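Could you slot chains B and C onto chain A? The hints should help.
Residue numbers (this note's numbering), protein chains in the order written: chain A, 1 to 319; chain B, 320 to 618; chain C, 619 to 959.
Just so you know, the hints here were simulated from the structure itself, not pulled from any lab data.
Small disclaimer: the values here were computed from a predicted structure and weren't measured.
Note that the Cβ used here is the ideal one computed from N, Cα and C, for glycine as well.
Treat the hints with caution; some may be incorrect.
What the hints assert, rightly or not - Pair by pair, the computed Cβ-Cβ distance ranges are:
1. C:VAL907 <-> B:ARG351: 19 to 27 Å
2. B:LYS342 <-> C:ARG752: 51 to 59 Å
3. C:GLY643 <-> B:ARG352: 22 to 30 Å
Claimed, not checked - A short, non-exhaustive set of chain A residues, derived as facing chain C with CB atoms under 8 Å:
4. THR183
5. ASP216
6. ARG219
7. ARG238
8. ASN239
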Amino acid sequence: MTTYIVRRLIQAIFVLVLATLGVFLIMRLLPGDPILLYVSQDEFTRMTSAEEIAALRAQFGLDQPLLLQYVYWFGGIFRGDLGESIFMGTTVAEEIGRALPVTLHLGVISFIVAHIIGIPAGVITAVRRGRWADTTLTTLANIGICAPIFWVGILLIYGFGLYLGWLPIQGYTSPFKDFWMSTQQLVMPAFCLSLPHMAGSTRQTRSAMLEVIRQDYIRTAWSKGLRERTVVMRHAVRNGIIPVVTLGGMAVPRVLGGAVLIEVVFNIPGMGRLAVDALFSQDYAIVQGVTLMMAAVIVLSNLLVDISYGWIDPRIRYQ
Amino acid sequence: MSESRETVIQEFIEAPPRVSAWKRFITVFFGRRIVIFGMIILIGLMITAIFANWLAPYDPYLQDLDNVKASPSTEHLLGTDTLGRDTLSRIIYGSRTSLIVGFVAIFFAATVGMTLGLVAGYFGGWTYSVIMRVIDALMAFPMILLALTIAALLGGGLRNIVIALGISMIPPYARLMCGQALHIKENDYVVAAHAIGAGNWRVMLRHIAPNAFPPLIVLMTMMIGAAILAEAGLSFLGIGIDPPGAAWGAMVSEGYRYLLTVPVLSFAPGIAIMLVVFAFNMVGDGLRDALDPRLRGTL
Amino acid sequence: MVEGDEMSHLLEVSNLKTHFSTEAGLVKAVDGISYYIDELEIIGLVGESGCGKSVSQLSTMQLIPTPPGEIVGGEVIFEGRDLLKYPAHGPEMRSVRGAKIAMVFQEPMTSLNPVMTICRQISETLELHLGMNRETARERSIELLKLVGIPSAESRIDDYPHQFSGGMRQRVMIAMALSCNPRILVADEPTTALDVTTQAQLLELMKDMVDHFRASLVVVTHNLGVVARYAQRIYVMYAGRIVEAGTTKDIFARPRHPYTMGLLKCVPRLDEERGRKLVPIVGLPPNLVNMPTTCAFLPRCPYSIDRCRQEPWPPLKQLHDQHYVACYANMEEKVGELNAK
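Looking at chain A on its own, in the form it has when it is part of the complex:
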């Protein structure tokens, strides 16, 4: 098992390097020059000379050869230095430090909500197949997968925010500062963000459970005189959960991606919104920092999924 983990870890690091290198190159290949963009903002304050532009370039290390810039940046990670934001005058680390907890908060809540509702719903639809509960829940799940989450957000804002006035329509407060406000603000965004995966895991759990229920060992369990609840919970779910774990792994990039849209709709200062703003203003350093973070989270979660397989399915453990 240990060799398995170590091997996966090495692969993960390699993938991470590849990913960040890719983004790095893309950012450098972008047409447009961030220095000029930045400078043109200051057009009315002063005229910049060619020397000053060159000096700015050197300051941000943009005059070095590409590969060197990357290596320098990569080395900086270990010192906690991710560079400076060209536009905001702060370090990337600061910006990310501010935005990351927000997105984590939103993301984790969405992730939990999606599974707490999705998995039991899937089990119910499988066990009560063909009956009322199944048809309703499955239809809801089918619809849930299709709705564009930014649009659902807007609908909810209109309904619960503007029309009924029950919930605040945007913004974010730290739960440590004002827990009640924080929760209120998070209800709608978290729901929207959890929707695709909630629906997805309902469908996947249903498939997995239907497959499991047909298995011979379920028939054996029935023949032993166990009650339905035991057969379902102890025998069926244990086996059916395996594909759901893979799905859980796929939820992480989905949630992170969805966060980009949701944070824009609800005006939440998280990584998603940071990334969008940075992309539009070609703020290299921020984009790289954000992608590093997101890629790291995703790669880590894939690693965890792989490891958890070994734990859940004893057949894999003993390979």
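Chains B and C only, in chain A's frame:
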């Protein structure tokens, strides 16, 4: 018994009639009402996109500045936007954007992805490792973010959106094809092909690829919905076809500002998106059930 | 209807009918069978694939998946009660399954839950039916494993099914089934998925176990050889009905139904001369969807007479003592001609 006894016995002995594969496909595919429903919507969508010129009541680019932000009325069934353009017409024309982006991006992703996967799975070894690591790197990003980054690099416009989306959707195809190739190449007929001297490319294209198709076709149908949603997300964020072109996501974004006064500007395009994605997903489900129900758990 | 002795039997099945609604039509998997089993008896239920023998046993325990399947008629009298009167998943059936009537299935590979240890799988029945606690159940499970011949039972008790071979898994299934001292053990094709040597060992084991636990055994199989040695009585099934019933000696020495005779002719025997051809039964098994009203074996029967074509499926008639057969040709007492062929 009025029938001759011989006939009775004869019929009795004969094995039950075998249903042709095509007939079975049709029966299973059209077996569920919801799939038929989805199919109807899709056909409606195609008709709308192709015949948009005739179906739209107004020119979607026609501005009527005396009549901005109008609520739905008999003249403008879904109202008008900030420049007085008829919302319904814009939605009808928007179907073209969604469909084109959806189909072309998927086609691109599938072609590139399947080639990569085929090569990786077939040759194995270093080829496999390198290609799979690149795919993993692509997968380390949320799809939207990747598409956003690439689109920011290339600029706006239909072609670039398609490329950006296409690239971000390569991984599932590559992985599926790779898995299939790994599995199929163990089969005896592949060994036999090698034995008679078939070259690598021939084996790959004529033996492995055709047998790998069924799950891939299902994947394509399922992902069209995802592509359309992603395109809507991108145009919502502001990266999409250049204005004045009509794109559903962008329309939602524009309408967001006027939510209180003219909510239909945001609501209507979203419903269109949802309907279309729903239709594709249902048809995809039906296709999967008809082609190979064993895939039910995986796709 | 097969008449038994006047004293009541341990299990008596009367006119059991189970139907399945399929895409192709209504399948009468079990179309009115009656049999019984007494204490300490071993009976064999023999027939080819698809004749309804497995379905009949699942029906007695109400383990038929009810959307496509349905038990439409008959009685299953066990301990004085008709089991079919109770709801399929109600407390009465649950108290019978595993505790009074237990089943061992055909596929040891897939019949055990892959993610649960053997200990848990055996213990849960002990805890459920006998009210044992964890430790006691575990000890008892180890004892049971030893009883069925699993070496190093103490260490293997915590292993998972995939760590056992096919034969060992079947032993585990037997241990699991017998754990609560059931009155009847039903073995549904217990050896079909195993190789020949293991088959023999397993049958010997089952015989020892039912002797040890003083239980009765129903062996369902398509292989006559399996029941020849151990069963006291045999029922032969075809197309959902019982076509011949009798003691093992009756069936093997004096088979009367053309199907039984055909089955025996397919199988080589040690006591016959070399060079005898193995004669397969011509034709295919019947399509259970559109069964005609006449005898189902008619198209494949070399002894058919006019009556067979005209009248509905023959009922079981007693030939002598415990030997019954459902065949018009037999009833017309053309016995001599039949045996000559």
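Evaluation of the provided hints:
no., hint, result
1, C:VAL907 <-> B:ARG351: 19 to 27 Å, "holds, 24 Å"
2, B:LYS342 <-> C:ARG752: 51 to 59 Å, "holds, 56 Å"
3, C:GLY643 <-> B:ARG352: 22 to 30 Å, "holds, 23 Å"
4, THR183, "violated, 37 Å"
5, ASP216, "holds, 4 Å"
6, ARG219, "holds, 7 Å"
7, ARG238, "holds, 5 Å"
8, ASN239, "holds, 6 Å"
Of the numbered hints listed earlier, the single one contradicted by the structure is hint 4.
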